[in-house]
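Peer 1: Following the hints, put chains B, C and D in place on chain A, whose structure we already have.
Protein chains: 4
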Amino acid sequence: MSGNIYGTLFRLATYGESHGPAIGGVIDGCPAGIKLDLDAIQNDLNRRKPGQSSIVTQRKEPDEVSFYSGIFEGKTTGTPIGFAIHNTNQKSNDYSHIKDSYRPSHADYVYDEKYGIRDYRGGGRSSARETASRVVAGAIAKQFLSPMDIQAYVSGVGTLSLDSHPSEIDFSSVEQNPVRCPDPKMANEMERYIKQIRKEGDTVGGVITCIIKNVPVGLGEPVFDKLHAELSKAMLSINAVKGFEYGSGFKGTQMKGSEHNDLFNSDGTTQTNRSGGIQGGISNGMDIYFNVAFKPVATIMQNQQTINSQGVKVEMQGKGRHDPCVVPRAVPIVEAMSALVLADFMLLKRTNKR
Amino acid sequence: MSGNIYGTLFRLATYGESHGPAIGGVIDGCPAGIKLDLDAIQNDLNRRKPGQSSIVTQRKEPDEVSFYSGIFEGKTTGTPIGFAIHNTNQKSNDYSHIKDSYRPSHADYVYDEKYGIRDYRGGGRSSARETASRVVAGAIAKQFLSPMDIQAYVSGVGTLSLDSHPSEIDFSSVEQNPVRCPDPKMANEMERYIKQIRKEGDTVGGVITCIIKNVPVGLGEPVFDKLHAELSKAMLSINAVKGFEYGSGFKGTQMKGSEHNDLFNSDGTTQTNRSGGIQGGISNGMDIYFNVAFKPVATIMQNQQTINSQGVKVEMQGKGRHDPCVVPRAVPIVEAMSALVLADFMLLKRTNKR
Amino acid sequence: MSGNIYGTLFRLATYGESHGPAIGGVIDGCPAGIKLDLDAIQNDLNRRKPGQSSIVTQRKEPDEVSFYSGIFEGKTTGTPIGFAIHNTNQKSNDYSHIKDSYRPSHADYVYDEKYGIRDYRGGGRSSARETASRVVAGAIAKQFLSPMDIQAYVSGVGTLSLDSHPSEIDFSSVEQNPVRCPDPKMANEMERYIKQIRKEGDTVGGVITCIIKNVPVGLGEPVFDKLHAELSKAMLSINAVKGFEYGSGFKGTQMKGSEHNDLFNSDGTTQTNRSGGIQGGISNGMDIYFNVAFKPVATIMQNQQTINSQGVKVEMQGKGRHDPCVVPRAVPIVEAMSALVLADFMLLKRTNKR
Amino acid sequence: MSGNIYGTLFRLATYGESHGPAIGGVIDGCPAGIKLDLDAIQNDLNRRKPGQSSIVTQRKEPDEVSFYSGIFEGKTTGTPIGFAIHNTNQKSNDYSHIKDSYRPSHADYVYDEKYGIRDYRGGGRSSARETASRVVAGAIAKQFLSPMDIQAYVSGVGTLSLDSHPSEIDFSSVEQNPVRCPDPKMANEMERYIKQIRKEGDTVGGVITCIIKNVPVGLGEPVFDKLHAELSKAMLSINAVKGFEYGSGFKGTQMKGSEHNDLFNSDGTTQTNRSGGIQGGISNGMDIYFNVAFKPVATIMQNQQTINSQGVKVEMQGKGRHDPCVVPRAVPIVEAMSALVLADFMLLKRTNKR
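For the protein sequence lines, the chains are A, B, C and D, in the order given. Every letter in the first sequence is one number past the one before it in this note's numbering, and letter 23, counting from 1, is 127. Every letter in the second sequence is one number past the one before it in this note's numbering, and letter 134, counting from 1, is 238. Every letter in the third sequence is one number past the one before it in this note's numbering, and letter 328, counting from 1, is 432. Every letter in the fourth sequence is one number past the one before it in this note's numbering, and letter 208, counting from 1, is 312.
Bound-form chain A, shown alone (with noise of 0.2 Å):
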């Protein structure tokens, strides 16, 4: 398997599986001198780990990351920064009933198909779980960033839908709720789905809404790696995910050019932002945003007829304690991957010119 690196620049290395004694990574290319807040990294992991709520998993991982390296008296050295997340939870018992059978829409199939040999328990590499080291990274990530601002939240649970302009929310109110959803009413009515939902032994799909303030001009790089293009592959990265769109997104393509073109005010800024942020692949200063489709979670507490690696038709049913909709948790994720991609192109920008 190769893939595991991100970036170009600022790049992520990442291992481990699901039920593995660690998982973790090394970030290779994080500048130095960076004063890092570690409470403010702990924090992002903690908004991403099982247990946090009534809506998500009720497993037990308390997420505590170990630093090994890259780090001296508070600050990036500019040497690589070597991480480990240790597994607390690696009940492997738990899944001596998926040792020969695949889960449908799982990638249990596949993967004995491609490397002829799979780390069964807990989905083992292709569990979600190795997103941590994402969060880990991406909370960094936007350490060096800062004061560029990016805020994910959650805008759609099932056919639930929160239909706010981006650039309007309020998000004082999206830790406030265990949706994450920024408006507390709909936070209100997607909670109760969810609980519903779980009730049911199913999931359901949602969609993530990204929002990034304080772009500076010119970061992209046009042609293969547009900037939109980047945070799209980065998303779709992300276990679940279906689809991103940004600015005016699949509805623009409904529209004229004359009602979808953003008119230039005098210092550079648009009057309007159906542009997303991003023109030809490069910032533009203005506010960049996307949404991001999560498919229902494929794991779901009621009887679902299967395969095993015979070919034999075998009976299953989710064991164990899953998420009814994986929205809630992924937000951190979202923003993690964005400050990933953002932080390779800052970098990146310092080479335009002579």
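Hints should not be assumed to be uniformly reliable.
Subject to a maximum C-alpha distance of 30 Å in a straight line, what follows is the list of computed DSBU-like cross-link-like pairs (lysine-lysine) [stated by the list, open to error]:
#1 A/179 <-> D/453
#2 A/203 <-> A/164
#3 B/423 <-> A/360
#4 C/360 <-> D/164
#5 B/417 <-> B/203
#6 A/457 <-> D/453
#7 D/203 <-> B/139
Looking from chain C toward chain D, a few residues come up when the C-beta cut is under 7 Å (computed) [said to hold, decoys possible]:
#8 217
#9 322
#10 333
#11 340
A few chain D residues that face chain B, going by a derived Cβ cut-off under 8 Å, partial list only [what the hints assert, rightly or not]:
#12 105
#13 183
#14 219
For the record, the hints were derived by calculation from the structure and aren't laboratory data. Glycine residues also receive a C-beta, built at the ideal position from the N, C-alpha and C atoms.
Peer 2: Below, chains B, C and D alone, put in the same frame as chain A:
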């Protein structure tokens, strides 16, 4: 500017501005021993070229490709394939009106801010003319991938939308109409609509759907380089693209897990295909399909207010010959970028096992 | 700092400072299905570790590696292999004397200039302790490469030089003496010389020769990534290395073409092997051999004048337990880096042809 | 074949066979705003081109470069620079004798084994003609690097060797003689020797020394991408190179630490420069200097026994017009590759600190 090289093993480097002497590229990593059908390559270029029908720009560019290396006695040799398309339509004087002004929703402003210099003629490097080089490389990648089959078509123009599932499309009719919509009736409506839009001096967006058949199991690298993540980046790297969704996409966010899961047949195929042929970032052998959202072309034949490089408000009207709707010509570009992604993963797949 | 990731397909990311809590790394791209001999990995670490004989540094570091991922039921799974070596010998107070002074011919000064901050304890990231991570990854690469056989040995210490051609070496005796010189008589002389040098509080350089047998034809990518070019980079990336030559090397520059050319046998082997097993950057199936030059260790147990960070002249004497000659412990490092290069090219070779 | 792209930020992709219609490349990542001296580029090409003096091959190739993009009104724009050198000397019939036979110590055999197909005309891609593209890119990199100053010269031809330290060389005379040796007397001897060798139908090897002045402190990424490691790879990637040493090099292995260490002056410069301007992989501001070993050209004008592709022994004699000694024409190639390495590290250096 970095980011003019795409891919890990099957790589494409491109160069060229809209009005320079030539555009072209270098394909590095194309395997040896592929018998090339040069006509098929030119045919894909012809599907992209201006002037091919009454609903696209009436510029005349023959877009003939010259190969400089990497092909010997009709076969690829494994060495890099250098190629060029010489520009025959360099009317630089057409562009004096944008030399010092920024077209709304174009890249003029951000290029000036980022690089401090800009080849303003025809949009320079930000012109979609660059994608002709991608079509050349993609056409070669297609021949490497055969019998894998990549086919794109127009499924939306403005609010006109073809609702058939990609797996039910009869592809024989796609190239029978200038819109490249496989449903003749809908194609006709779309054509009429585009003509009307052009008459208004306006432009309109659209959607391209792509389906890939005969895909082997095992393409894609889980974690950061998931197959759909790379496809997404590849699509968003195409000019004017605002969104990407695969399989159930954004609609899938509204479904329950019990509705969304694809149950297995005994042979590892699935009864439904909401996964879009990809599970956990790895192809599962089912058809891959996805939608790509294109915004309306920013250049309109109407007066718009904008600013010049001194921040002074100026009036601007689009000149020249532009596309009222970009999707008919973008069909081969979507196919080409898909082919580059899949060629790369086909080679990577060879390295999975001992 | 970038550049802590090595390789294209078989990749190693490393982290860690001399006196931090741990060093370690992530191996990305190791193929699935390799049955790992963990003892062989630890054995290579033991060949590199301090305190192993009377002629190397007497520091005590057990250098035990912990694997965190990528191995399941004794085999590689294709997922990234995360590992760590916890430091047990963190006497930071030993290094207060260099906190603010620059050791001659060390990296202290350039780190401060480049990064503005430096973990001065034991040389921080510039310490050769980092190479233990390379030995771990190299030992795994060796097992992937088997039956390819990579063996290094000490061929020079100061002016003492073993003149046998690498293809005539009896490797059974290399590990029989602390110098790792295959000629017992020469090994003895070298050992005595190193002891004398140590007594003087001085250090001395040396040469390591490496030979690689059972190499398939076709490894290496001509042009920029020639097999010997990558080997050279890999060797020069090892601390204290000043030069690399392969095949006829620098002596070959004095020869005539008529003397130097390797004439073919009917089976494609050659009658001589001045090419060093590589022609045009590609392995030809003959033994690959090369020499690696190591300068004398910069830390000496004598007084030296130097400067502090304010540019003030200060007196400095090496403290602690250092190697009088680095080559005996560098033998497994040379092998490890060779293995990483060859593993990468073995995987790349699979992509040559249709 | 992969590996036709060099560099991380300042990247060069090249293409082209000896007897195809053109060779050329794409430079990606060259910063915007460099005022280019096109004559200086052509001048470096002229220093490399055949037929320039009586001691090099008498082939006639004008080697005129055409630029296709990336330059506007005399300055780099930041977009990729595409260029081509059209071949005017395509006498393919000259090469029928090697169509099916393998020249000793050439790449013919390994290309056939690796790719299963080979453009045999003039060595195809394995011809040193490919290096003309490097000279173009290197000449642009030099202009970016100015006032950094890269100068190479011939320091050895066969057993004739110039012993002056690189820092003592008077460079004004290098281009005054066809050998490019800065010492007129030695140049004369070398010239006579090369002429005698040519008369014998033989060839001879040599050494090129390169010195780089006005180097800022802080270039190079410690660990895997040390400045000297990349220089070494860059040099070994040049056709016919067998070795690289920098600073004290192989001779330094015989020295003691007390003799070898470079003691600091108060300003951070050093009293001696055995380190060759690099400590721990990072430039320290002192002159960088290194030696590059070239083997004798494999094509000789004498009868040699060899084999054909069926393994049958055949007689072969070199035909055409070849260099009796490659070093005089390789001087600008060594400079070009040095410039590419340094340009890359100059850009990377901008990313070190917050």
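Peer 1: Under the constraints set out in the numbered hints, which ones does this structure not fulfil?
Peer 2: Every hint satisfied by this model.
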